[in-house]
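Asker: One-letter residues, chain by chain:
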Amino acid sequence: MRIEARAEPSRLMAWLSPVLALAITVLVGVALFVLLGKDPVKGLLVFFHEPVRNVYALTELGVKATPLVLCALGLAACFRANVWNIGAEGQLVAGAIAGGGVALLATPETGRALLPLILVAGVLGGIAWAGIVALLRDRFNANEILVSLMLVYVAQLALSFLVHGPWKDPQGYNFPQTRMFVPEALVPVLVPSSRLHLGAPIALVAVAVTWVFMFRTFAGYQLQVGGLAPLAARYAGFSSRRALWTSLSISGGFAGLAGALEAAGPLGQLTPHVSPGYGFAAIIVAFVGRLHPVGIVLAALLMSMFYIGGELAQSRLGLPNALTGVFQGLLLVALLACDTLIHYRIRPGR
Amino acid sequence: MHPRLQLDGITKRYPAVVANDEVSLTVMPGEIHAVLGENGAGKSTLMKAIYGAVRPDAGTIHWNGVPIDVRSPAEARTHGISMVFQHFSLFDSLTVAENVLLGLDRSVSLAAVTEGIRDKAGEYGLEIDPRRPVHTLSVGERQRVEIVRALLTDPRLLILDEPTSVLTPQAVERLFVTLRQLASTGCSILYISHKLDEIRALCHRCTVLRAGRVAGVVDPAVQTNAELSRLMIGAEPPRVEHRPRTPGALALRVDALSLPARDAHGVALEAVSLDVHAGEIVGVAGVSGNGQAELLAALSGEDPRAAASAVQLQGRGVGRASPAARRRLGLHFVPEERLGRGAVPSLSLAQNVLLTRADARTLGRAGWISHARFEAIARAVIARFGVKAGGPGAPAASLSGGNLQKFIVGREVDADPKVLVVAQPTWGVDVGAAAQIRAELLALRDAGCALLVVSEELDELFEITDRLHVIARGRLSPSIETARATVEQVGVWMSGLWPAAGETADAH
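Those sequence lines, one after another, are chains A and B.
Numbering follows the working numbering, in which position 220 of the first sequence is assigned residue number 220; successive positions increment by one, without gaps.
Just add 1000 to the spot in the second sequence (first one is 1) and you have the working numbering.
These are computed hints drawn from the structure, not numbers from a lab.
Among these hints, one or two may not hold up.
[Claimed, not checked] From the structure, some residues in chain B lie toward chain A, with a derived Cβ separation under 7 Å:
id, residue
1, Pro1323
2, Pro1335
3, Gly1340
4, Arg1341
5, Val1344
6, Ser1346
7, Leu1355
8, Thr1356
9, Ala1358
10, Leu1363
For every residue, glycine included, the Cβ atom is placed at its ideal position computed from N, Cα and C.
Based on the provided sequences and hints, a complete structural model is requested.
Answerer: Next up, the structure:
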């Protein structure tokens, strides 16, 4: 068997590839359910019907999709600039720490005025964390993949230290968590008796802003040329350093915002686990969404279904929660395989 | 005697175009057979069919009288068919010897391959260091690697695609001696070229392709250039009018520019000095890999290491300025590499206009991109330069090399530059397009632009330049009036042997 490049990759297939990848994921999922001795129909219903069954389920979908969209938008900017930031999770945690730190300062007397500050602190925290990656790459040519990934663990340990130590709730029965934020410091909920908060429309605004930045501003254009053809960027005089700093700042800012929204939103406090891996799942979201802002929204909704489905599979079918990660990974592998086969074909023989 | 190679009715259809339409071709043992045609005439497809890189839809191939079905380049090589492509297939990160080893029998050791390359290169007068990594080689040097790689397989049929475009006149002569010698041992040669003089000097027979069909099979030795052109493009080649110049003020000055090499295999520039005035075209001749790339990068701003005063635009030192800052002062640049440097392959032509044309005029202060404005520029360039493209929305990668070059030259000419630096303006471009590009450069000169043309094609430099420099091993010769220069003299200079300043009245 050998692999050879196709003369002309189909453009239609390039768009259909995510759909195809989803279909493959579902098929493998069915096989998985059968192997585990579960009813595959029931399994699929849990993953693909339950999360959209009623208004409450839909709001939960939105709650999960919000941080995914924000993180994936920033990652798409990085990936388009050929900057391989895979540490959105760490930038999200840094944003949660910064935003949560401000939220802890809030009292009923400070009122609503502090909320914008919480979000801004989250953005700045994320940018600072991503800035470390940019600085090390810029000054010492350190590999941004390794640095950004390692900084995830540093951020998580820093958070863990804070909630186990200085920020621990004195009345919290020694649980590693901060006290609940005062209601004035919380992100307003949109739909009564749900958890869907202001973060969802903020994420949609971020989608529009990112789209405009990528496709309608010269700065976004420069970023993409740097990723597509570094020599052409140099020929044109576009600075690769600026592309590095810009893309990492966007990514850090959005991920940090997502972290602050999580802390001051559904969680209402800081715990060692502010994110069930949103920053990593967002890598898959960014690619399944074809690095396009609108595609990212659709992909984020799909990934949220996996999150919710995984939780439900635990209670309804007695399956491990790891199933979420399995489905997410399957989707990415299937997508990469589809993309490869769009550009190459396999021929029998030598 | 059976023909070495006989093609009958070869047809290859692509979704949009019939690349080869019932093409027949016969090559005898020891024959040097030219295949002449414009870009897009189907030469490459035909060669790929012989070499097994493309499966024809119809037609037969006979090899020494036996019908064969060449399914892959590896199979072609087992028959003794070797090919030197115009677009090289070399791995940048590997050395010359490692690249050659990859294409050979695996049981050979790297040391043996290194030795083999040295021997073959010496035998055919092709300078090459087998231990150099390919990414440090210029286009011309890479082509030498490809030629040596092909020769190492001791082919019975050697296909050469535009092999002389990067050689000195003396080296072309040496190559011709080599090819004739190779042919006299019985090896057949398929020689693809657009250089009519070379074909007439070297080849025994010539098959002319036009729009995928055979337009004629002739003996090139008894044909005139005009007759060959008529067969190839169906018309007389356009003539370029070169009127005497009236040079104006000094526009670009390079003043004792010295730059250390960027890496172990780069070329250091040593006290390079040249002047270009408004309304003149100054040429830089030389074999590739002698410092052209380094000089061009220092001029364009891609390499801003030079002293500020070493590069002066209208009297202003810009040696450290970025390419964008130099463009604002009126210096535009057409690089040698079209895809990936002069244009972003996956972006549309309109979006590629933005690469070098994003300024206050086109962009506005806020930095918003108005697609309509760039589409209008792209459309204007396409129309004025006769670029064959699907429109302003066509990706740059979808254009043929010649058409993309017309677009890139057009984009820079359309910017109304005060100084235009052009590298290899017509490399791999067909006759009609090349004449058009040269005419545009001359028109730009007559409009008062200062032009510096760096080219490895001497014919071209003699055709359009007013003064000539030669670059060799990072040093630049004094300039000579083109009208008083001879090919022989410039050829000698290319080896670095020019008289010291002051010894010749021609020196400026």
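Asker: Checked against the structure, which of the hints given earlier come out wrong?
Answerer: none
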